[in-house]
Amino acid sequence: VFVTQGRILVEQLEPHADTDREVDVFPFIKRCALDIIAETAMDTQLNTQTGESAEYCEGVVTISKRIFEKMLMPFLWIQPIWYGIWYGFQFDRLVKQSQDFTLQIIRDRRRQMEDEGLLG
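The numbering used here numbers the first residue of the sequence shown as 5 and each following residue consecutively.
Incorrect hints may have been included.
Said to hold, decoys possible - Once the Cα atoms are required to be at most 30 Å apart in a straight line, the calculated DSSO-like pairs of lysine-lysine come out as:
hint	residue 1	residue 2
1	K100	K34
2	K100	K74
3	K34	K74
The hints are simulated quantities; they were obtained by calculation from the structure and are not laboratory data.
Computed from a predicted structure; not experimentally measured.
Build the full structure now, drawing on both the sequences and the hints.
Put into structure tokens, the structure is as follows:
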């Protein structure tokens with residue numbers, strides 16, 4: 005998994021090599037890490053490095069950003085403010101999307117295992 009995803013990462017970074025321009029590698033590393041985690045933990049290929057599942061990837065990033073912002077800004081702990089600036093609604097929607105995605109993967113894996121006779 006690491007080697008395969010690492011090769012994809014190199015392919016994604018290759019066009020930026022030898023250009024004498026700075027490149028923000030964080031988005032590339034973030035997508036690679038998400039692909040590795042999804043494949044090792046859920047046995048699912050997201051292919052975020054190649055542009056698939058970009059919505060899921062951005063959702064995870066936004067959830068993390070909102071959690072961090074809420075930790076740093078105590079006024080966001082007040083629910084009317086949290087929801088008043090729409091962070092709360094966005095956060096709730098993205099968490100639900102993430103949970104639905106994960107539950108769908110679990111259902112698919114369970115169905116696959118049942119078909120293969122691995123579950124009783």
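Results of checking the hints against the structure:
no., hint, verdict
1, K100 x K34, "holds, 21 Å"
2, K100 x K74, "holds, 18 Å"
3, K34 x K74, "holds, 22 Å"
Checked against the numbered hints given earlier, the structure satisfies every one of them.
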